[in-house]
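Listed below are the residues making up each chain.
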Amino acid sequence: MKVLVAIKRVIDYNVKVRVKADHSDVDLTNVKMAVNPFCEIAIEEAVRLKESGQATEVVAVAVGPTQCQEQLRTALALGADRAILVETDGFPQPLSVAKLLKGVYDQEQPGLVIFGKQSIDADNNQTGQMFAALAGLGQGTFASKVEIAGDTVNVTREVDGGLQTVALKAPAVVTTDLRLNEPRYASLPNIMKAKKKPLDTLTPEALGVEVKATIETLRVEPPAERQGGIKVDSVEALVDKLKNEAKVI
Amino acid sequence: MSILLVAEHNNAALNPVTLNVVAAAQAIGGDITVLVAGEGCGAAAGAAAALPGVSKVLCADAAVYGKQLAENVAPLIAEAAAGHSHVLSAHSTNGKNTMPRVAALLDVNMVSDIISVESEDTFKRPFYAGNAIATVKSSDAVKVVTVRHTAFDPVATTGGSAAVEALGSAHDAGVSSFVNEEIVKLDRPELTAARVVVSGGRGMGSGENFKILEGVADKLNAAMGASRAAVDAGFVPNDMQVGQTGKIVAPELYIAVGISGAIQHLAGMKDSKVIVAINKDEDAPIFQVADYGLVADLFQAVPELEGQI
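Protein chains in written order, with my numbering: chain G, 1 to 249; chain W, 1001 to 1309.
Same shape as in the complex, but just chain W:
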């Protein structure tokens, strides 16, 4: 077996989720080749070469790959997939955007969002918003797979010394171009990588009220999240959404404030090590998964919590 692993990175550094995807690749077994496509991405390729278990790094450094446009990157990945049994990436917005395109170019189906590797062709994945787990077997010649990073423990960042090989081909499909991006500058850790996450739900009442969570988040160096209900209500942007259709997180401590605990939200956070729920409704389903539940008015409890930690 031979795995082509598509790295997630920002040209300067690897996104930590790549370490979890390498762990999933190791669970499948076989040679691991990491593909780093970007613009000025030598540093990220260097970091990939140092990962344990990686035998080769392919670095495609070209302007057309700078913004990870799927139309340009997918043909590169499909080309590099020749001779490989698997193509893996994180189930990130990037992976979700690009990998189905790769699968279609290879004329195969794809297995999204795996949470375990049962064998080289058999995987477990959640569906129905996490209400059911399917064990699926792919008979495709190349297995195109995205990995739920929280389901795999990350590998170390050092220990390997793979060779980096430059890939010359620059695909420009000519059908899309980058206009701009508004990447929220965070003073906090990234949601999917944070040790602590503080999330608010519909019970917060307004976007303004999310400010009271910031004090707690600051003290715990936590990322801030939200339920789909809070996003739907327009309190906060969608990139804060934790849940089956948003981000999947598994921090050491997850604090759910004013979140009832809809299954779609639980699907995104129930693998957290310790879950705390603060909600005034003592029958809220969130209490069924919380290690520590506090039935209280959040507008009193949250400032009190900030004061005591």
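The following block holds chain G by itself, in its conformation from the complex:
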């Protein structure tokens, strides 16, 4: 079974996000970029499927500007066999990304497509599900466990209140949650080897997709600051404040 892993280039999760002075967006000038953490979990899951003999090939795909090649190289260093960049101006909105990935899916015909559940920049949590709808596939979102049994993919999902397991007919879509696995680090020899692995570039035109933006960002602002309160010096003082000042207990 071939596995397609969709990854996104995002701001590194350690970077402190700042809003631009003109409130047009967050400031991404000269900040460190990385593979979206949930997408790292997706790569790891695919590579483990290959290592256990359940997957035959792992193909990483990204949609975005040329610089996304860096993150695709990271995916290759982590164990993907080859990579595809669908090159666009900037980062398209989720519906367009889903349509572009559907184009890649049609060409590649994988048995499993793995996404991160959300990107830590836009925080949309949409693309995997949109792709699954366009491709007419079953989806196991927020996965904490994936098991392949013949033509069935059993996915345990993190849902409000606990866990749910669904059986999906392959080909299927999985979006990863935190506890699915712990991604490895790329070793230096693998980083060197990754430079020689194939990385192809496609265009939206070649996939027959028109990239459209229908959501306009009018303004970006920092969140309202919550004012800090006071420090109390004992549990007794804390209980007194909660009872008599805040009146919440």
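Check before you lean on any hint, since a few could be wrong.
Unchecked claim - What follows is a list of derived Cβ distance ranges for each label pair:
(1) G/Q227 / W/A1166: 33 to 41 Å
(2) W/P1154 / G/H23: 29 to 37 Å
(3) G/R82 / W/S1116: 55 to 63 Å
(4) W/D1031 / G/M1: 29 to 37 Å
Unchecked claim - With a straight-line cut-off of 20 Å between C-alpha atoms, the simulated SDA-like cross-links for lysine to any residue are:
(5) G/K169 / W/S1260
(6) W/K1124 / G/K231
(7) G/K231 / W/S1260
In case anyone wonders, no lab produced these hints; they're calculated from the structure.
Each residue gets a CB set at the ideal place from its N, CA and C atoms; glycine is no exception.
Assemble chain W onto chain G, guided by the hints.
The following block gives chain W in isolation, referenced to the frame of chain G:
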């Protein structure tokens, strides 16, 4: 304007977050039709009909909708969306699972996790883990929107008397089936609906140590939560996670124990009315948002707190 609101429910009753989503729908304005899809969901549909401001309830009662499989429910919602200007649901795991599928079927983008309604097509939503708030405007023909329930005050459970109309269509996509679920039986209130939440972080040291929070939670009839660090460390299950990528809570009292206060955690709880932080590191960022901070060893302070409340 005409809003189709997808109810969150367990067939027998509405999930309270639905009341907050109705409030968001009222802020947009226009007619509100509630869709209740499930199996044996007549009682939930009846409850939806009693909500103030609801003009119609559509009840799709079929076995294929019993477990809310997105593959089956999304085509139903997309079909019912015809003639509506908006489709709304809670930004719950259910809403997150199903609504992007609905948007794709309608060939539109979607606005996730709104925290305010600026106008019928313009909303505010947090992104970058809550480090920034975007005001976004949708030009799509149908606005598909999920609502952060804590940002809207719930409507009353009574006052309306809408008609309930049965929807006959049963979509079975045939690509997914339900196997089983392990829903944690809680003796406590549900995390997102609790009046008091007691959460532990990495400072708890182990899953075993979370037990010391239980005594406090029992006395306050509180739900228990955790930071992403505690979930990452394997102390507790992910459904306890409070934060931008976990659950968003806004209780009257939030007690953060051994939680440093990473921005991703703050994004999930900073709308709480009163925040208490107990941490031995006096420089922990959590103290910058806490109304009452106690610099103390949690293993002493928590049992003491239990004894005094």
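Against the structure, the hints:
| no. | hint | in the structure |
| --- | --- | --- |
| 1 | G/Q227 / W/A1166: 33 to 41 Å | violated, 51 Å |
| 2 | W/P1154 / G/H23: 29 to 37 Å | holds, 32 Å |
| 3 | G/R82 / W/S1116: 55 to 63 Å | violated, 45 Å |
| 4 | W/D1031 / G/M1: 29 to 37 Å | violated, 48 Å |
| 5 | G/K169 / W/S1260 | violated, 43 Å |
| 6 | W/K1124 / G/K231 | violated, 33 Å |
| 7 | G/K231 / W/S1260 | holds, 15 Å |
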